[in-house]
Amino acid sequence: MTEDVSAAPRSGAAVCAPAALLQVCDVAKRFGSVVALRSVTMTVRAGEVHALMGANGAGKSTLVKILTGVFPANGGSIAVRGETRLFRSPAEARRAGIVSVYQDPALVPDLTVADNMRLAGVGLRAVQRWLVELGAGDLSPGSFVRDLPYPTLRLIDLARALASEPTILLLDEITAALPADLSARVFQVVREWRERGHAVIFVSHRMAEVAALCDRATVLRDGVVVGVTDTARGSEDRIVSLMLGGEIAKAGRAAARPAAAPAPAGQPPVLEVRNLCCGLKLQDVSFSLRAGEVLGVAALEGQGQQELFECIAGLRHSDGGDILAAGRKLVLRHPADAIAAGLVLVPASRLQALLQQRPIRENIALPLFGRLRRWGPIHMQRERQLVADAVARLQIDTRAESELRRLSGGNQQKVVIARWLAAGFRALLCFDATRGIDVGTKKQIYALVRELAASGSAVLLFTSELPEIALACDRAVVLFGGRIVHELPASAADEETLLRAAHGLVPRAAEV
Amino acid sequence: MRQVARLWEFVLRHPAPVGMPALLVLSLAATVAIHPKFNAFDAQSLAMAALPLAFAAAAQAVVVISGGLDLSIGSVMAVANVLAAAAMENTGFDHSLLLAAGIIGLGAVMGAVNGLMIVVSRVPDVIVTLTTGFIWGGTALLVMERPGGGAPEEFLTLGTGSTLTPWISNSLLLLIGSVAIIWLPLRRSKVGLCLYAVGSDRVAAFRSGVAIGRSRVIAYMIGGLFSAVGGLGLTMTTGIGSPRAGVLYTMSGLAAVVIGGVSLLGGRGGVVGPVIAAFVLTVVPADLIFLNIDPNFGQVIQGTLIVLVVMVGGLVALVRSRK
Numbered sequence: 334m335t336e337d338v339s340a341a342p343r344s345g346a347a348v349c350a351p352a353a354l355l356q357v358c359d360v361a362k363r364f365g366s367v368v369a370l371r372s373v374t375m376t377v378r379a380g381e382v383h384a385l386m387g388a389n390g391a392g393k394s395t396l397v398k399i400l401t402g403v404f405p406a407n408g409g410s411i412a413v414r415g416e417t418r419l420f421r422s423p424a425e426a427r428r429a430g431i432v433s434v435y436q437d438p439a440l441v442p443d444l445t446v447a448d449n450m451r452l453a454g455v456g457l458r459a460v461q462r463w464l465v466e467l468g469a470g471d472l473s474p475g476s477f478v479r480d481l482p483y484p485t486l487r488l489i490d491l492a493r494a495l496a497s498e499p500t501i502l503l504l505d506e507i508t509a510a511l512p513a514d515l516s517a518r519v520f521q522v523v524r525e526w527r528e529r530g531h532a533v534i535f536v537s538h539r540m541a542e543v544a545a546l547c548d549r550a551t552v553l554r555d556g557v558v559v560g561v562t563d564t565a566r567g568s569e570d571r572i573v574s575l576m577l578g579g580e581i582a583k584a585g586r587a588a589a590r591p592a593a594a595p596a597p598a599g600q601p602p603v604l605e606v607r608n609l610c611c612g613l614k615l616q617d618v619s620f621s622l623r624a625g626e627v628l629g630v631a632a633l634e635g636q637g638q639q640e641l642f643e644c645i646a647g648l649r650h651s652d653g654g655d656i657l658a659a660g661r662k663l664v665l666r667h668p669a670d671a672i673a674a675g676l677v678l679v680p681a682s683r684l685q686a687l688l689q690q691r692p693i694r695e696n697i698a699l700p701l702f703g704r705l706r707r708w709g710p711i712h713m714q715r716e717r718q719l720v721a722d723a724v725a726r727l728q729i730d731t732r733a734e735s736e737l738r739r740l741s742g743g744n745q746q747k748v749v750i751a752r753w754l755a756a757g758f759r760a761l762l763c764f765d766a767t768r769g770i771d772v773g774t775k776k777q778i779y780a781l782v783r784e785l786a787a788s789g790s791a792v793l794l795f796t797s798e799l800p801e802i803a804l805a806c807d808r809a810v811v812l813f814g815g816r817i818v819h820e821l822p823a824s825a826a827d828e829e830t831l832l833r834a835a836h837g838l839v840p841r842a843a844e845v
Numbered sequence: 331m332r333q334v335a336r337l338w339e340f341v342l343r344h345p346a347p348v349g350m351p352a353l354l355v356l357s358l359a360a361t362v363a364i365h366p367k368f369n370a371f372d373a374q375s376l377a378m379a380a381l382p383l384a385f386a387a388a389a390q391a392v393v394v395i396s397g398g399l400d401l402s403i404g405s406v407m408a409v410a411n412v413l414a415a416a417a418m419e420n421t422g423f424d425h426s427l428l429l430a431a432g433i434i435g436l437g438a439v440m441g442a443v444n445g446l447m448i449v450v451s452r453v454p455d456v457i458v459t460l461t462t463g464f465i466w467g468g469t470a471l472l473v474m475e476r477p478g479g480g481a482p483e484e485f486l487t488l489g490t491g492s493t494l495t496p497w498i499s500n501s502l503l504l505l506i507g508s509v510a511i512i513w514l515p516l517r518r519s520k521v522g523l524c525l526y527a528v529g530s531d532r533v534a535a536f537r538s539g540v541a542i543g544r545s546r547v548i549a550y551m552i553g554g555l556f557s558a559v560g561g562l563g564l565t566m567t568t569g570i571g572s573p574r575a576g577v578l579y580t581m582s583g584l585a586a587v588v589i590g591g592v593s594l595l596g597g598r599g600g601v602v603g604p605v606i607a608a609f610v611l612t613v614v615p616a617d618l619i620f621l622n623i624d625p626n627f628g629q630v631i632q633g634t635l636i637v638l639v640v641m642v643g644g645l646v647a648l649v650r651s652r653k
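Each protein sequence line maps, in turn, to chains B and F.
The numbering used here applies: residue 334 is where the first sequence begins, and numbers increase by one.
The numbering used here applies: residue 331 is where the second sequence begins, and numbers increase by one.
So here's chain B without its partners, still in its complex pose:
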């Protein structure tokens, strides 16, 4: 059964049932001009595991943070057992019985495990009991958090949350970096918590986990609840269609673009990745990228895409596998090695790539130093020429050229691309390069990506907005749990197919 509440998002009071354990009513949240949550109304009953689902940017994490007092809501109300509450800090939420295990560990690295428990005011003995239950009973409470591996930290986080006996336990992507055996232990404990008559809110991208563990699911899309549904087996399709918001009929729009010219035979791919591994985040990933091709990477948050791009760009060391550029195996110890091999990154955050207080010219010329300066001073005239060419080609607005931070986000992103144009590259690695950029500039950037590909460059492109894959790419791979689970041509990469694959569901072969 599916209760459709999206029809009446503003009449929240009518939907709110005060008898529930947790009643979220018409909650909204803005960050400046960006609306993260428009209106969320959600009911969690005692004795249920409630899934919170939605594609990237639907507002799941924002809702979790409002529920646990990390930041306040701009509107609406939260009631626990019928009593309206306002949480100003995680400590207040905890006193009301709401405890969260966040996506990243909330443990202080320079303290021991025991001190971390004291800090949160939780009894060490209770935590140890839960750790035994979770299969980590041999952990010494005197060890420093900074020395412990990531999966262990997740278990400590969870044990700490359980030890404070929450009536509502929030788990945000708890299984994202856990090996299968530990995940099974976590599920066992979650079920036990339900048996005790408490509630668990389970945020996950893994459809199979949700179906196996949860009783009901609330589905978010663009900051609005689009449906509440039972999660009995076979409900996956219903959830996917809720996430899509009835826009399934839009497939086929990408077919208009001609396919990329086939690469000349015998030429090695511009970029080849073989069996790349990086901890638990990236497992055995292989693909190749040819000249003139735009390869899309589709994934929900935290499926290993960040690690993949960072390994290729030399920002992170891989644990195994090879990265080849033009057939040559690379040893990437430093980003400079990747840049020298022609693998250049356009990160999501402009702050990571640019010098905010310096002029456009210097920002573009930064990676050029190696080429323009042979021991002596920088060759000013040649630098100026290269920069002017790149600025003209990208149509960068140079009215505020003296200080980069005065440029808009879109123009800043163009400066990042212009820098690599001037420096020369083999493969452009765009990691969510259009995040938070206005639609017009977004279009320009994608047109530019197409143009670069047409002139023989290769582009690896990850975007958190799945519909953009079909617009800009020739081919796409889907990452799920650190593995490539699906590969498809752009013509088949409509949002539904991508969304299903990105949730770890088998693609519907019959429909292709």
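Hints are computed from structural coordinates only; laboratory data are not their basis.
The model shown is predicted, which means the values in this text are computed figures rather than measured ones.
Keep in mind that a hint or two might mislead.
[As the list claims (entries may be wrong)] Pair by pair, the computed Cβ-Cβ distance ranges are: (1) B:Arg458 x F:Leu354: 35 to 45 angstroms; (2) F:Val533 x B:Ala459: 21 to 31 angstroms; (3) B:Leu457 x F:Leu354: 30 to 40 angstroms; (4) B:Thr417 x F:Gly644: 50 to 60 angstroms; (5) B:Thr417 x F:Val533: 26 to 36 angstroms; (6) F:Leu503 x B:Arg518: 47 to 57 angstroms; (7) B:Glu784 x F:Met641: 44 to 54 angstroms; (8) B:Gly365 x F:Met581: 35 to 45 angstroms; (9) F:Leu595 x B:Arg518: 26 to 36 angstroms.
[Stated by the list, open to error] Here are some chain F residues the structure puts well away from chain B; computed CB gaps all over 10 angstroms: (10) Val348; (11) Leu358; (12) Val362; (13) Ala363; (14) Arg574.
In this text, a Cβ means the ideal position worked out from N, Cα and C, and glycines have one as well.
Since the structure of chain B is already known, use the hints to place chain F on it.
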């Protein structure tokens, strides 16, 4: 054999608590070797000379552990120093103790003002404490334009005499007592834990339910308290108030903090390490004077030693991470 390995592991894990006493013993041994007539009087004057620096180091250590920095410590010391010398000049002993308590309280308030300004206005700690340092440095000059004043003999004896045995001076007892009364209980308490948590990872601390702002203010407050005690120590050991003496201790205190194994990034280290480092930093220049080395060259040697000690700390971290 296994015990040796265990011991080595312990040393690697706790480089400062093991290394600092070793460094102190080493530098004392060097002193005795250079100056064979080292006697109880020398030990006393060493402890006296180290007292203000040790408190400056303790004050800075608490603030740095909480992820901050306090550049006004020397000025707070100067204010405490001149206030004590001006107010105690013609008083009795019990009266002077009362005044001392008041001055320590004032130091805590000055620290808390620093902390509040940083937390509320979100102006970086370096700027806030640098400017309040100017203000308090000026205040010290307003209280006492040139060195002068005094304090009752019994009060001075707290820092200069040696009531127990000639080898253990009262100033050493005062230092150990203050650290034991102020720091050790704090270190064991939830408040102390919060200081480390805030310095280590503010986001994680916040999510663990720590009141970030309050913890930071408390750190500056304890820093101010230690600074005021250091200023009183300056009055005890010199017998007078001098408005410019304290200011020097800001930077040498910071050096002691770094040598003493406190990470400038916050969250790591303790107060005992920097206090011992303050002694080392007092012994080394004395040795150089015994050796008849040009004082200017002595500065170069001292700076080099600081860099070397800090680098050894970095190497230990590297060896551990390679394991």
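Results for each hint:
| no. | hint | result |
| --- | --- | --- |
| 1 | B:Arg458 x F:Leu354: 35 to 45 angstroms | 39 angstroms, holds |
| 2 | F:Val533 x B:Ala459: 21 to 31 angstroms | 25 angstroms, holds |
| 3 | B:Leu457 x F:Leu354: 30 to 40 angstroms | 35 angstroms, holds |
| 4 | B:Thr417 x F:Gly644: 50 to 60 angstroms | 53 angstroms, holds |
| 5 | B:Thr417 x F:Val533: 26 to 36 angstroms | 28 angstroms, holds |
| 6 | F:Leu503 x B:Arg518: 47 to 57 angstroms | 55 angstroms, holds |
| 7 | B:Glu784 x F:Met641: 44 to 54 angstroms | 51 angstroms, holds |
| 8 | B:Gly365 x F:Met581: 35 to 45 angstroms | 42 angstroms, holds |
| 9 | F:Leu595 x B:Arg518: 26 to 36 angstroms | 35 angstroms, holds |
| 10 | Val348 | 16 angstroms, holds |
| 11 | Leu358 | 31 angstroms, holds |
| 12 | Val362 | 37 angstroms, holds |
| 13 | Ala363 | 38 angstroms, holds |
| 14 | Arg574 | 37 angstroms, holds |
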